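Undergrad: Work the whole structure out from these sequences, hints included.
Residue numbers (my numbering), protein chains in the order written: chain A, 1 to 797; chain B, 1 to 187.
Worth flagging that the hints you see were computed from the coordinates, not collected in a lab. Fair warning: this is a prediction, and the values are worked out from it, not measured in the lab. Positions of the beta carbon are idealized from the N, C-alpha and C atoms, including for glycine. There are no misleading hints in this set.
If you want the footprint, here are the derived chain A segments under chain B, 3+ residues with CB under 8 Å:
id, stretch
1, 83–90
2, 103–112
3, 269–282
4, 611–624
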Amino acid sequence: MEVEISRRRFLQGSVALTVVGGTMAGTTALFSEEEKATSASPRVPKTVTTKTGTGKAEEIPFLCGMCVNKCAGFARVENGIITKLDPNPYFPKSRNMLCPRGNAGIQTAYDPDRLKYPMVRIGKRGSGKYKRVSWEEAYDAILNGTKLFKGLKQILDEEKDNRSTIGYCNGEGLSKEGFETLVGQKLGSPNYVDEVSICLETAGGGFFATLGVYPEIDFEHSDYLIISGANRAEAIITPDTMDMFKRTKGRGIKTVCIDPRFTNTAAKADKWLPVNPGTDLAFVLALTWVVFNENLQNEAFMKKYGVGYEEYKQHILSHKYTPEWAEPICGIKAEDIYTIAREFMNAEAPVYYPGRRSIFSPNDYQLRRAMAIFQALSGNIDKKGGYIYGNPIMLPPEYVNAPIYAQAKPRFDTEGIAFPTLKSGSWIVFRNMILEGKNPYPVRVMFMRKHNPMMSVPNTAKTRKFLEKMDLNVMIDILPSDTAMFADVILPEASYLERTSPVKSYGFLEPAIVQRKAAIKPLYETKEPEVIYKELAEKLAKPLFEISKKYDKDLQEQIKLRGEKKVFKEDGWNLADAWEKPVHEKNKEIVEKAFGPKAWEILDEKGVYYPHMEEYHKQLNPNEFQYYPKNRRFYSTMGDKKRVICKYDHLATRGIDPMPTWHDEWKFSVPEGKFRVITGRHAQFTQSGTTNNAMLRDLIPTNYLWINKGVAKKMGIEFGDMVEIKSEVGKGRLMAYPTEKIAPNQVFMLHGFGSESKGLELAYGNGANDAAILKDDIEPVFGAAVMHSTNVEIRKV
Amino acid sequence: MARYGMALDYKNCINCKACEVACKEENGVLLGADKHRIWVGVNEIEGVWPNLSISSSSFLPSQCQQCDNAPCEEVCPTHATYYDENGVVRVDSDKCILCSYCMNACPYDARYVDDRTVTVDKCTFCSDTRLARGLTTTACQNTCPTKVRTFGDLDDPESEISILLKTRDHFSLKANLGTEPKLFYLT
Ligand code: SF4
Ligand code: SF4
Ligand code: SF4
Ligand code: SF4
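TA: Below, the structure is given as structure tokens:
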């Protein structure tokens, strides 16, 4: 007990020094003192940071789980405690580095607020009142319910085995697929939503439709860069961040940064051009016009690989997308557009950076298409210094023997969407159709894992209603997030440093496969996700099979023909068979089969493997490594197979422009007295998942509201003043940061703050939650969330 | 025996603070914004939106300059501050009486008080952690995404840092004070 309390006091003490305002949490309803006492463990360090020793230590290869990049590292473990995370020099993608979040991963594993044991809700939803239970009791509550909520068995019985009454959501990560296997394939739910429709869907989709790839960039050899709608100095993507900023600032890559606000990326650029939010498409169309008008394009390349190229040229020229036309729309001077277009096409190896998250405006899909085509006009594709298709290492596919549920209905979240994605759907449309009663059958259950829609899906008020509407919510996670507070059953997962994860392949230009190994055993009573999937599957298999037997005609038929035992076993009704072997054993099997035992040996020891690694990998200087010699990198792999789809007729069949076209409804305007709110990231935070991290919180105490200095002065707002930000859907309070780095009619706030879960002592009540303020607008192609369309009022409080 | 120094390719710095976190985790440094051995200096940008001067907003990573002629060492009444065998300016916490003369004498504001020992602490070039284990990089160097830092022996003409200092222009902070820093900023 003492250990835990002193650790907590320690944190509070240090935080008090750095927090200017904001609320500090009181006691939490989540854990009584008594329960806290039993959770204290000699396996948790006594102090927040632990000085590394000079004695015996293990160095275990892990993959960082603090963001999507999965950087490789070695965890230093001394006496069973992780004392340091060091970068792993073997992984080409992460280039021997860990970012601040990666370094602070220790604080996530040892976060005193961790979910430590399974819990079942005993109070009102959202009240945070839970009872500690055993794993068996928790699984039982999912199956049979309690006095307060119905169990899966009863719900499926009432729904006549329509498995689609189950919805599920999942966050990014290496154990994601297993959860999809469990709920999607094994339990039979098609109603899946995840981070894709609130993140990079249009960027990936637009590039894929145009070039057949969402490319990597060879920054080592590029010499001109337009980076728009991406902030690589703060929203770190590997290896782009590392490669890019070694060569900016007059050292090889001339950089033009297009961003409404002055970011750290802008600080590293040669030119920063503040664009009106959501109008980048007009900028790219005007660049394209200049190129065609002055015949600057690589005509031979486009003639060879372009599809609908001539039509696109005519389309751009006839619409007169001139720089003079674009200037008032996007706010970038015509002369700058002329210069950039010419410089880009005259450069040796120019790159229009594809960007990633988010979907800023309804035209995002068209923007990505226009960017991809513009890049292609330079011909700098599938070659050194340009867009890379590469040669990823393929891992053998895995097959899951899943039952076919005759009673399950197809997914329905298609309203307002031209091309609904079957796999991950649209979070907003799924949620809103259910709230509006437009679902053709009841959705009554949400299985959730490592996902926090209360803070990630725009319009939190609606997400709250959605979660309240469910009969059963189950959450698997490591921290008591705002969303976890709506769960009826909480299953605590081992953090990424406590688990071995399925082997994964990364990289196009310098590909490798990687394995995360558990640095320490799962803390407290937590379990690895794959173990949870297996145990839950075991618990549910037989009772749910009984329900299917009652309603599923196909199943009844099969049983008549082949006998129950056989059908149960052979047709996948034994749900747990997908996790027969532990992850590490399965990894070994896969890797040995595909690449031989030597490969497995290297991978298991170093965390990384690629063919010829021992021969290719060498240290060049104290900081840099060669992963592949240049003549072995996969710069050009497509040959004559590459295509540039300028005109995509299929889009027109569903009312989407087959060629990127500007529509005036996308013009940027903000009513007098209001501001457009824009959101973004910071190098010291990923998302809501990292705001309770003591180390990171120490670096960035809260999310400030950036507001233009002159405007703030007029409004009497000074640095540190508490302001209220209010939109038509919600509001929040945070401290002001008056700055020249943002336009007078815009405000900016960091994503991921403003948690309402009292279980998160550091994150609770700190700053404002952007999801609560953003409107739930969608773009028309995939129904993905548009992040930058909300106007707000600001008031000093 | 070596004479350790560090060269900083500071234009690479993106102000991500990975170095600060790595330093704290490696060396068991306390949390708290004013408790750090290492930091990044940021200038508030000059100009009025949208005409901002990009060059005015540089990031300057900094830490103890490991002066060869260290004012902190000179003023220390108990000789708690000393040069170790590798030329690293160190503090012997057993001898430190927290008179704070050194904190005032240091022109680079590189020292702070460790609340646990109630003595002065600062960058040690990871001497008692990484170097003691035989490693040749500091925690801040090793983790930096854009590889700003090169640590090494200035007395070894073959070392990477010696080569860098021979081949690239560089400057020291407050060179006019005669403190002879062993941190070098590459231009
Ligand atoms: S970029 Fe940082 S947080 Fe993301 S995986 Fe790499 S080290 Fe971890
Ligand atoms: S880790 Fe490197 S890039 Fe990041 S702040 Fe430190 S010196 Fe700068
Ligand atoms: S920078 Fe300051 S603390 Fe470091 S050696 Fe020089 S005077 Fe002493
Ligand atoms: S050299 Fe070591 S002690 Fe000094 S700032 Fe870097 S990590 Fe910290």
